[in-house]
Amino acid sequence: AQKVTQAQTEISVVEKEDVTLDCVYETRDTTYYLFWYKQPPSGELVFLIRRNSFDEQNEISGRYSWNFQKSTSSFNFTITASQVVDSAVYFCALSDPLGTYKYIFGTGTRLKVLA
Amino acid sequence: GAVVSQHPSRVICKSGTSVKIECRSLDFQATTMFWYRQFPKQSLMLMATSNEGSKATYEQGVEKDKFLINHASLTLSTLTVTSAHPEDSSFYICSASHGMEQYFGPGTRLTVT
Chain X
1 AQKVTQAQTE ISVVEKEDVT LDCVYETRDT TYYLFWYKQP PSGELVFLIR
51 RNSFDEQNEI SGRYSWNFQK STSSFNFTIT ASQVVDSAVY FCALSDPLGT
101 YKYIFGTGTR LKVLA
Chain U
1 GAVVSQHPSR VICKSGTSVK IECRSLDFQA TTMFWYRQFP KQSLMLMATS
51 NEGSKATYEQ GVEKDKFLIN HASLTLSTLT VTSAHPEDSS FYICSASHGM
101 EQYFGPGTRL TVT
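Protein sequences, first through last, are from chains X and U.
Heads up: the first sequence at position 23 corresponds to 23 in this note's numbering, and the numbers run straight through without jumps.
Heads up: the second sequence at position 22 corresponds to 22 in this note's numbering, and the numbers run straight through without jumps.
Source of the hints: derived by calculation from the structure; they are not laboratory data.
Just to be clear, a hint being listed does not mean it is correct.
What the hints assert, rightly or not - Below, computed lysine to any residue pairings styled on SDA-like, alpha-carbon distance capped at 20 Å:
no.	chain 1	residue 1	chain 2	residue 2
1	U	K41	X	A7
2	U	K20	U	T32
3	U	K20	U	T111
4	X	K3	U	L46
Claimed, not checked - Here are some chain X residues the structure puts well away from chain U; computed CB gaps all over 12 Å:
no.	residue
5	E15
6	T30
7	S61
8	Y64
9	N76
10	D86
To be verified - Ranges of calculated distance between the beta carbons of each label pair, as one might list FRET restraints:
no.	chain 1	residue 1	chain 2	residue 2	range
11	X	Q57	U	E87	43 to 49 Å
12	X	V84	U	E63	39 to 45 Å
13	U	I12	X	T31	39 to 45 Å
14	U	K14	X	E56	51 to 57 Å
15	X	T78	U	K66	40 to 46 Å
16	U	E22	X	F47	20 to 26 Å
17	X	E56	U	G61	34 to 40 Å
18	X	V14	U	K14	43 to 49 Å
Ideal Cβ placement from N, Cα and C applies to all residues, glycine included.
Okay, chain X solo, but in the shape it has when bound:
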């Protein structure tokens, strides 16, 4: 069975601090996608990144970076120099692109960045 675990329910940081959001997944598939989405108070999901299971290179996009490690089944997300506008709920998700296309979401991490 597929599962995504985001153990951190809520994190509070002070502006300009770095913060890492953890994501651990379980799957028996060899081909899969991992995603991170941001959900601000408006509710609309904002796509941040997609990573396929064959690409373990870390990625950096501005203040955002992602660390994908298949050995530990983790796909962690780091925000450098956090800003108040980063306050949102962040979801990690896993999909089976060769089968059902279903997305399995983690429970989300609520990030509060304090000024």
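Fit chain U to the given chain X structure using the hints.
Chain U in isolation, oriented as in the chain X frame:
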């Protein structure tokens, strides 16, 4: 590209009435659409998968007679909450598949009074 819209964005209805939510893929054709429900401060839970021209596949525990899904065209799927009750109040999000990815709509906030 790959834009998905939902209508309405917010709806309030009285207990016992039915409400329809539309999900449209604006610039692509989607053979498969998905419906999710999100309760406050909780994750997105998949309710059903709908394929154009066929019956929807519901996840375990989701009442198919209460949540009617119609996917009549490659760009439109509808979710009808029948005989809504206050416990059906939630945020409903649809997504449409394009290639190997899903593109999410902005969501519909349903409040049943």
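Outcome of the hint check:
With a C-alpha separation of about 15 Å, the suggested pair U/K41 and X/A7 falls inside the 20 Å cut-off, and the hint holds. A threshold of 20 Å between alpha carbons decides the hint, and for U/K20 with U/T32 the separation of about 19 Å falls inside it, so the pair holds. Taken as a hint, the U/K20 and U/T111 pair is honoured in the structure, with Cα atoms around 13 Å apart against an allowance of 20 Å. Simply put, X/K3 and U/L46 have alpha-carbon atoms about 13 Å apart, close enough for the 20 Å limit, and the pair holds.
Against the 12 Å criterion, X/E15 stays outside the reach of chain U, whose nearest CB is about 23 Å from its own CB. For X/T30, the requirement that its beta carbon stay farther than 12 Å from each beta carbon of chain U is met, with the minimum near 15 Å. Distance check on X/S61: its Cβ is at least 18 Å (rounded) from any Cβ of chain U, clearing the 12 Å threshold; non-interface status holds. Every beta carbon of chain U lies more than 12 Å from that of X/Y64, the smallest distance being close to 19 Å; the non-interface claim holds.
For X/N76, the condition that its CB be more than 12 Å from all CB atoms of chain U holds, with the nearest at approximately 18 Å. The beta carbon of X/D86 is kept farther than 12 Å from every beta carbon of chain U, the shortest such distance being approximately 18 Å. Under the hint 43 to 49 Å, the C-beta atoms of X/Q57 and U/E87, about 45 Å apart, fit the expected range. The beta-carbon spacing between X/V84 and U/E63, approximately 41 Å, falls within the hinted interval of 39 to 45 Å.
Range check, U/I12 to X/T31: Cβ separation about 43 Å, and the 39 to 45 Å hint holds. Restraint check, U/K14 to X/E56: a C-beta distance of roughly 53 Å satisfies the suggested window 51 to 57 Å. For X/T78 and U/K66, the Cβ-Cβ distance of about 42 Å falls inside the hinted range of 40 to 46 Å, so the restraint holds. In this structure the hint that U/E22 and X/F47 lie 20 to 26 Å apart at CB holds, the actual value being about 22 Å.
One distance hint, 34 to 40 Å for the beta-carbon pair X/E56 and U/G61, holds here, with the actual separation near 36 Å. For X/V14 and U/K14, the hinted distance range of 43 to 49 Å is satisfied, since their beta carbons lie about 45 Å from each other.
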